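Taken in sequence, the protein lines are chains A and B.
Using this note's numbering, read the first sequence as starting at 4 and increasing by one per residue.
Using this note's numbering, read the second sequence as starting at 7 and increasing by one per residue.
Since the hints were derived computationally from the structure, they do not count as laboratory data.
Nothing here was measured: the structure is a model prediction, and the numbers come from that model.
Some clues are possibly wrong.
Looking from chain B toward chain A, a few residues come up when the C-beta cut is under 8 Å (computed) [as the list claims (entries may be wrong)]:
no.	residue
1	Ala35
2	Gln77
3	Thr79
4	Asn83
5	Asp133
6	Leu136
7	Ala310
8	Ser314
9	Ile315
10	Phe320
11	Leu322
12	Ala324
Listing some non-contacts, in silico: residues in chain B with all C-beta distances to chain A over 10 Å [what the hints assert, rightly or not]:
no.	residue
13	Tyr31
14	Glu164
15	Phe191
16	Phe196
17	Ser243
18	Arg316
19	Ser325
20	Phe388
Think of the CB as a built atom: it goes at the ideal place given N, C-alpha and C, for glycine as much as any other residue.
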Amino acid sequence: MNIQTNIGGATAEQANIVPNPIIEVRQAQVFYGEKQAIVDVDVDIQQNAVTAFIGPSGCGKSTILRCFNRMNDVIPICRVEGSITLAGQEIYAPEVDVVVLRQKVGMVFQKPNPFPKSIFDNIAYGPKIHGLTTSKADLEEVVETSLKRAGLWEEVKDRLDQPGTGLSGGQQQRLCIARAIAVQPSVILMDEPCSALDPIATATVETLIDELREKYTIIIVTHSMQQAARVSQNTAFFHLGELVEFGTTEQIFSAPREERTQNYITGRIG
Amino acid sequence: MTDPDSIIATGRSPRHKAELRFRAYGIAAIIVSLGFLVVMVGAIVSRGTGAFQQTFVQIEINVPANKVDPQGTRDPNVIKKARFSSILKKAMRQRFPEAKSRQDKKSLYKLVSSTAEYTVRDAVVADPSLVGETSTFSIRASSDVDMFMKGNIDPTLEQSRRRIDDKQLAWIEQLRAAGQIEKQFNTQFFTGGDSREPEQAGIWGALAGSSLTLLVCFLLSFPLGVLAAVYLEEFASKGRINRLIEVNINNLAAVPSIVFGLLGLAIFLNFFQLPRSTPLVGGMVLALMTLPTIIIASRASLRAVPPSIREAAFGLGASKVQTTFHHVVPLAMPGMLTGTILGMAQALGETAPLLMIGMVAFIVDIPGGVTEAATALPVQIFLWADSPERGFLEKTSAAILVLLIFLVIMNLIAIILRRRLEVRW
Numbered sequence: 004m005n006i007q008t009n010i011g012g013a014t015a016e017q018a019n020i021v022p023n024p025i026i027e028v029r030q031a032q033v034f035y036g037e038k039q040a041i042v043d044v045d046v047d048i049q050q051n052a053v054t055a056f057i058g059p060s061g062c063g064k065s066t067i068l069r070c071f072n073r074m075n076d077v078i079p080i081c082r083v084e085g086s087i088t089l090a091g092q093e094i095y096a097p098e099v100d101v102v103v104l105r106q107k108v109g110m111v112f113q114k115p116n117p118f119p120k121s122i123f124d125n126i127a128y129g130p131k132i133h134g135l136t137t138s139k140a141d142l143e144e145v146v147e148t149s150l151k152r153a154g155l156w157e158e159v160k161d162r163l164d165q166p167g168t169g170l171s172g173g174q175q176q177r178l179c180i181a182r183a184i185a186v187q188p189s190v191i192l193m194d195e196p197c198s199a200l201d202p203i204a205t206a207t208v209e210t211l212i213d214e215l216r217e218k219y220t221i222i223i224v225t226h227s228m229q230q231a232a233r234v235s236q237n238t239a240f241f242h243l244g245e246l247v248e249f250g251t252t253e254q255i256f257s258a259p260r261e262e263r264t265q266n267y268i269t270g271r272i273g
Numbered sequence: 007m008t009d010p011d012s013i014i015a016t017g018r019s020p021r022h023k024a025e026l027r028f029r030a031y032g033i034a035a036i037i038v039s040l041g042f043l044v045v046m047v048g049a050i051v052s053r054g055t056g057a058f059q060q061t062f063v064q065i066e067i068n069v070p071a072n073k074v075d076p077q078g079t080r081d082p083n084v085i086k087k088a089r090f091s092s093i094l095k096k097a098m099r100q101r102f103p104e105a106k107s108r109q110d111k112k113s114l115y116k117l118v119s120s121t122a123e124y125t126v127r128d129a130v131v132a133d134p135s136l137v138g139e140t141s142t143f144s145i146r147a148s149s150d151v152d153m154f155m156k157g158n159i160d161p162t163l164e165q166s167r168r169r170i171d172d173k174q175l176a177w178i179e180q181l182r183a184a185g186q187i188e189k190q191f192n193t194q195f196f197t198g199g200d201s202r203e204p205e206q207a208g209i210w211g212a213l214a215g216s217s218l219t220l221l222v223c224f225l226l227s228f229p230l231g232v233l234a235a236v237y238l239e240e241f242a243s244k245g246r247i248n249r250l251i252e253v254n255i256n257n258l259a260a261v262p263s264i265v266f267g268l269l270g271l272a273i274f275l276n277f278f279q280l281p282r283s284t285p286l287v288g289g290m291v292l293a294l295m296t297l298p299t300i301i302i303a304s305r306a307s308l309r310a311v312p313p314s315i316r317e318a319a320f321g322l323g324a325s326k327v328q329t330t331f332h333h334v335v336p337l338a339m340p341g342m343l344t345g346t347i348l349g350m351a352q353a354l355g356e357t358a359p360l361l362m363i364g365m366v367a368f369i370v371d372i373p374g375g376v377t378e379a380a381t382a383l384p385v386q387i388f389l390w391a392d393s394p395e396r397g398f399l400e401k402t403s404a405a406i407l408v409l410l411i412f413l414v415i416m417n418l419i420a421i422i423l424r425r426r427l428e429v430r431w
């Protein structure tokens, strides 16, 4: 028990080191029914930076990620306590509209999940339901810029009417990223976005993540330590529902303060 | 210890045999079931095809102007009132002058259908220039003659044991020698309503009744079933009540259809006082029966939509309703439609509940709307199968054929819809 309190205190201090945070998590607890999945997590997400969540399976990193756009809402037994704010606004406040929240906080999933519709419709769906575009020309422009930002435009510009499910795995994942940025979010959550991709597609997506950092804040959950080291500026290491250590990626991978972090990144646990 | 290779080698041959044996059983099972199917369809086809033909007799009839239209107005309403039966009988006596006694004349008149006078009347009304002329009319033979022509009456039997007497046989031979009796395609069977006379009875009334009933059934059960399934699967919390409802729906699907008929009788007819024997009530009862099938099929196909599609839509900020109706329902639609069509096919073949709500009545008219008295295909089959006349035997089989063809068409539509709408991901 003593150790836990110590870690909690330590992370609270660490959280404050992040300059200009967009998301602030304080004393977050997540329960699935009786089971507690997240214990007293404090973490800050730096704006226009990539933050990586690493840790062994079942450590709660995806759970906390899904709190940021309230994707956990669909699980009836899931309960969130503590404070999570996005730009100062409490995410779990009763007056928050999840539709608006999810427009601001986009998400890319582990397995590419394009809609079984055309490439164009995949991108256009978000702007359409949020009423972001007024004319067809507008919409076409949004589709083009989104695909360009996702680095997919050159590959698909001649076949926008083809089904999005006909693309290769890496292209599908970039299509999903394009779809997420089409609604102009400020934060993009990525839940192991490369785990279903081959190394070449992974490299393309990683380059893309690095470019997207200029415009968006990105939080990426990953199992690959190399990936975290390559793409992120800040890294949080979770273990058994606790935030063990949080810091700049450089510090975490070169000089971890905690023994568990050290053990994990050197492959001794996890 | 023995060498494992040799153990495995000795075990190979029995395993091989077991495999061959199992294959043989499987093939035998398929052959037996195919055999039953062939026997069933073969029996129906061989009996039913006769109904698609009808024997017609050519007779020269003089339509006397003084009897039909004394004033010479050529007004259809005047012509309609003339006594065509005596005109027809006179023509038949002229054709076969040897029929002198009362008994013989009666036999003679029985060669043609009792509805033949209306055939003559309608022809004259349609073409008034026939009045005052002698012309050849093609007249429907009576069912007994028709049966004889199709070889269903054995002329070698004793006279008292067959429905065609010796004189009639002689007349038929005369007509045949003169080429004045022949079998033609029976359009009446496909365009007419029911009749007491087998040679006049048609399937169209029952077909129209069935179509109207199915239309009502579809309009009620499809939206209700799909909405119920979507709500239960996508919106309702998966609690105890939802499970209870699911169990009850599954049980309802297994309730004998006659129970739904009794329910319809008690509620729709007796309580709500809806008109009995109508496609409206028939469709409502069949909708009750089809609903569980549609709900179960729709829920299954909703469940088969991958959760990643829902996540993708939610992640973009789509609301529950948007996610459901923009993405989930379109993906589940092929399965829902297949379930619905299979439910409808089941409803098409259903007899028992329709008996309960009075669709078993003898109805000659073709129903023009859902509130007019009608019968349905399976009920028509039941009615004809129950009729004593020999002529209805082939009509029964022919009606079964028509019903089977419709079922096959509906199942084909289900397959085509499935192929067309199915999206792969």
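Determine whether the non-interface label on Glu164 (chain B) survives the test: each CB of chain A must be over 10 Å from its CB.
-> Non-interface label on Glu164 (chain B) holds, nearest chain A Cβ at 75 Å vs cutoff 10 Å.
Does Ala35 (chain B) meet its interface restraint, that is, does its C-beta lie within less than 8 Å of any C-beta in chain A?
-> With a minimum Cβ separation of about 39 Å from chain A (threshold 8 Å), the hint on Ala35 (chain B) is violated.
Could you check if Phe320 (chain B) really has its C-beta closer than 8 Å to a C-beta on chain A?
-> holds, 6 Å
Quick one: work out the minimum CB distance from Ser325 (chain B) to chain A and report holds if it exceeds 10 Å, violated otherwise.
-> violated, 6 Å
Does the claim that Tyr31 (chain B) lies off the interface hold, with its Cβ farther than 10 Å from every Cβ of chain A?
-> holds, 41 Å
Mind checking the CB of Thr79 (chain B) against every CB in chain A and telling me if the closest is under 8 Å?
-> Since chain A brings no Cβ nearer than about 70 Å to Thr79 (chain B), farther than 8 Å, the hint is violated.
Decide, holds or violated, for the assertion that all CB atoms of chain A are farther than 10 Å from the CB of Phe196 (chain B).
-> The claim stands: Phe196 (chain B) keeps its Cβ more than 10 Å from every Cβ of chain A (closest is about 44 Å).
Taking 8 Å as the limit, does the beta-carbon of Ala324 (chain B) come near enough to a beta-carbon in chain A?
-> holds, 5 Å
Quick one, is the Ala310 (chain B) hint okay against chain A at 8 Å, beta carbons?
-> Status violated, d = 13 Å.
Does the no-contact call for Phe191 (chain B) survive, Cβ to all of chain A over 10 Å?
-> Given that every Cβ of chain A is farther than 10 Å from that of Phe191 (chain B), nearest at about 49 Å, it holds.
Chain A contact restraint for Ile315 (chain B) - C-beta distance below 8 Å | holds, 6 Å
Can the hint on Asp133 (chain B) be confirmed by a CB-to-CB distance to chain A that is less than 8 Å?
-> violated, 61 Å
Of the numbered hints listed earlier, those contradicted by the structure are 1, 2, 3, 4, 5, 6, 7, 17, 18 and 19.
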